[in-house]
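Protein chains in written order, with the numbering used here: chain S, 87 to 195; chain B, -17 to 163; chain D, 2 to 728.
Please keep in mind that the hints were generated in silico from the structure rather than gathered at the bench. What you are looking at is a predicted structure, and each value in this text was computed from that prediction instead of being measured. Check the hints yourself; a few may be wrong.
[As the list claims (entries may be wrong)] Derived SDA-like pairs: lysine to any residue, alpha-carbon spacing no greater than 25 Å straight-line:
no. : chain 1 : residue 1 : chain 2 : residue 2
1   : D       : LYS410    : D       : GLN399
2   : B       : LYS85     : D       : PHE707
3   : S       : LYS194    : B       : VAL87
4   : S       : LYS194    : D       : TYR702
[Claimed, not checked] Derived DEER-like restraints, expressed as beta-carbon distance ranges:
no. : chain 1 : residue 1 : chain 2 : residue 2 : range
5   : B       : ILE86     : D       : GLN685    : 44 to 50 Å
6   : B       : VAL(-4)   : D       : LEU718    : 32 to 38 Å
7   : S       : GLN89     : D       : ALA710    : 29 to 35 Å
8   : B       : VAL80     : D       : ASN670    : 46 to 52 Å
Where is the CB? At the ideal position from N, CA and C, for every residue including glycine.
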Amino acid sequence: MFQIGATHFVLVSIIVFAAGVATVLTKRNAIGILIGVELIINAAAINLVAFNRYVWGQGEAGPALDGQMFAIFVIVVAAAEAAIALAVFLNFYNNFSSIDVERADELKG
Amino acid sequence: MAILAETSSGLGAVGPLMFYIFALLVCISSWAIVLGRNIVRMAVYLLLTLGGSAGMYFMLEAEFLAAIQLIVYSGGTLILIIFGVMLTSKNPFAHLQVQLWEKIVAIGLALAIGGLVLFALVRTPHVINANQLMASSGYDQVHAIGQGLLSTQLVAFEVAGVLLLVVMVGAAYMARRRRNS
Amino acid sequence: MTPQTQELIRNCLVGATLLPLLSSAVLILIGKRWLGRCVSSWGATLAMGASMAMAIIALAAWMRAIHPQPILWQKNWIPIPGNDTGWLHLGLLADSLTVVLMVMVSGISFLVHLYSIGYMKGDDRFERFFAYLSLFTFSMLGIVTAAGLTQLFVMWELVGLTSYLLIGFWHERRGPQLASKKAWVMNRIGDAGFIIGFGILFFKLSGNVLLPAAQGALSSSDSLVTMFGAIEQVLATESDAVGVTYSFTNPPLWLTAAGIALFFGAIGKSAQFPLHTWLPDAMEGPTPVSSIVHSATMVAAGVYLTARIYPILTPGAHLFVATIGLITLVMAAAMAMVMTDIKRVLAYSTLSQLGYMILALGAGAYSFALFHLVTHAFFKCCLFQCSGSIINAAHHEQDMRQYGGLGRKLPITTFCYFVCTLAIAGASIPWTVWGISGFYSKDGIIAGTVNYGHAMHEMLGIWAHLFWLGPTVVAYVTVFYMARSFSLTFLGKPRNQDLYAHAHEAPWTMLLPQLCLAAMAVLTAPFILGFWKDLIVISEPQVAWMQTAANLEHGHAMEATHGYLLHGLAWIIMLVLGIVMYLPGMAVSSHIVKIPPINLLYKWAHNKFYFDGLYDIFTVNLFKFIALIAGTFDKYIVDGQIGTIWPGLVNGPALLIKKIANGIGLFDNKVVDGMVNGAANAAQSGGQLLRNAQPGRVRVYVLLLFTAAALIAFVVLTTVTVNASQP
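Using the sequences and the hints given, assemble the complete structure.
This is how it looks when you write it as structure tokens:
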């Protein structure tokens, strides 16, 4: 317990991931869903970095930092995706004058 | 103390303690998002979560990444989210209700998925026992990352660039001002 | 006989036969509309006259020939199935009998046509009458010239049909309707027998039904055989097969049966017992019809048929024929004595004379039977025409009790009637051999029956004597009733003053035929006796097994006959008796008939021996009864009118089918439609159910997404084994 290992970080990542899933599934506000998605992505990033620190191998002049680099990409993609999502939500808000995703049921079959 | 010094991975005695503080921060604030009702509060909790995870990056000796996290994620994405909140709420203090059974199902599913990952974790013993010694400082982390991005991860780098371009164009197009017809 | 003569005779006969058909067809098609009464009637008469002329030419050519032989001329008509070379034929057989009968039939028909111009004047369907008469003549000529039983039968039926049309000519009246039906039905009953006989012969002889008289026309090299020759062959074959020697004197059953069955046709046509009741009723037709059809020709057709099949009749058939003729003879004479309608008297007289002819044929007096046929034709036709004149004069009153004393008003008719009465009586100068025609023929017949009676004596004992006793007695009776009718009509005081006052002589178109026929009645005998013997000798069937009256003890028979007939006195006695008894009308006779046994006989005779009633019960009432049963069956069982229990054979199936249809409909509605609707409903429900998978709600999609992810992860994690190797 005092020896912090990858397990601890992974546990944290699990908790954040679960929180993110719960947020996505329980929010009617579109922005809330977006926040949940961010949480999920963040959890994944934590996971990546944790494994990089504790499991990954050796590079040329130091440990291989592939995990961190991937985490950078994750952050980049998350940001891009947040931007797009917000553009969509703004359009949605303009059309329906509400940010409630329950209003978006025109594809109802 | 000595025990702590031996067993910690170069973080000193405050290693585990710091970890737990940050971990607690992250966990609690992330679950506070789930239980929160107010979108602005949720955004704030998100900020705390992101900040907490930046701290955890620091614990993982990924200083550069932690900085990137704080700058881009907390300072960029979160601000974007705040913009969204501000632009799309008629009543900022409104709360959209979800039925109880849906909440139960959602949390149950979340726990299930979490349990699955945990299950996967348990089944990989070398992860549990992993305790890699980081190389002592002497390597330039930023330099290494930069070099790695442009050598081994070049394709991903370029693709990320293209992605950002596309996103920029798309977002600009989608959010353009429309004349009322 | 030279071929040219043969061809001349053949052409004349064919022309004489077909000319009336042509005139009949023309009259039917365009007679009423375009030709008019005068042209059509005189046209038909002249056509008939031309036919008669052709027949006379043929007769003359025949008589001039030195050795006349029968002429046979046949055309193949219908192939017999199953028999490669066999055919049914249409054709002409001309022998002496044919040519004589042709002249007789066409001559009488010509005179009757002439007579009808006067008699049927003022009738609506004037032209049609002549058409029917010509058609009838055609069919009769067809019978006379037929070479085989096939054509004979076809023409036979046609004669029956035209007789029906002619009897029922005034078909608006009930009497003619019933009479024509009766005639037709009884003819058909006889024809049924004809067909049976025809069938037996056809079957046994493999379709060869050529008349035996054609024997003379066939050379020995011909493959064709007559019926007679074919029967001999078949008998020979059967004798070999069975072992018994069959011949005409020891015949197999089928031969006798065929002969009797064919004779049945003659019974029907010639109104012999038991099919005799139609002839008196047939008097409902116009008098010209009676004079030609029912005295001279159609009823003679039966005698002609019997004469033609004479060679193949076995002794058993001969006995049957003779018996029938005898019964008819006696019965009809008895009935003629008590009739008061003048035409009825003549009708029964015809029946009686036909009985004479049939009896003669049965007894073997072939030639005398045919001689009597010819002479009877002439005088009976004349008698009927005289009666027609009287009826015309008396404004269609036919009851003789209303007549009387008409001799003064209708001299010519009286003269003709008297002459013919003498003819039918067989008048002769006593103790000599000269007389009017009836004398020769009747004497010959009686002689033949005397022979037959002697020949049958050992088989029939005392009853055989009836065969000659009957004709003798009836000869007396014949004179009596003819004298009676003559006296009642023409002599004495007029019993109906009104009728007497209005009586007038008939027009010349009616008188001329009468006179001609009366003349023929007188002159026929010398003419025929001068030439007939040759005709007789040649036409007599040349068969060895028959012993005709002409051959067997002829002299003895003739002597006996003259004795029985009081050497020619009998007729004088009966004539005077008849005339005298009826001079004062019915006064004398009405007393006589009240005397006991006579009154009973009188009642029977007057009621025609109750034959009509008997036939009524057995035919009409029987069928009415059957119809009643059938009607009841039909009403109750078939139509089901007894309440709701039994729906009937007609309605039952309909109801059943209706119920079945209802059931099927129900099944269709509930089950089939149910299945169809059920399938549709299922599809719809399924669709509705599946619709919930696409609610359009984002959160549901997200939920499903994560659920799917969890499941996949679960599946992967539990199935994929993890290598514990270090990365």
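Going down the list of hints, with the structure as the test:
1. D:LYS410 x D:GLN399: With Cα atoms ~17 Å apart, LYS410 of chain D and GLN399 of chain D stay inside 25 Å; holds.
2. B:LYS85 x D:PHE707: holds (14 Å)
3. S:LYS194 x B:VAL87: Distance ~22 Å between LYS194 of chain S and VAL87 of chain B Cα, so the pair holds.
4. S:LYS194 x D:TYR702: Holds - the C-alpha atoms of TYR702 of chain D and LYS194 of chain S are around 11 Å apart, at most 25 Å.
5. B:ILE86 x D:GLN685: 44 to 50 Å: violated (33 Å)
6. B:VAL(-4) x D:LEU718: 32 to 38 Å: Taking Cβ atoms as reference, VAL(-4) of chain B and LEU718 of chain D lie about 37 Å apart, which means the hint holds.
7. S:GLN89 x D:ALA710: 29 to 35 Å: holds (33 Å)
8. B:VAL80 x D:ASN670: 46 to 52 Å: holds (50 Å)
Of the hints listed earlier, the one the structure fails to meet is number 5.
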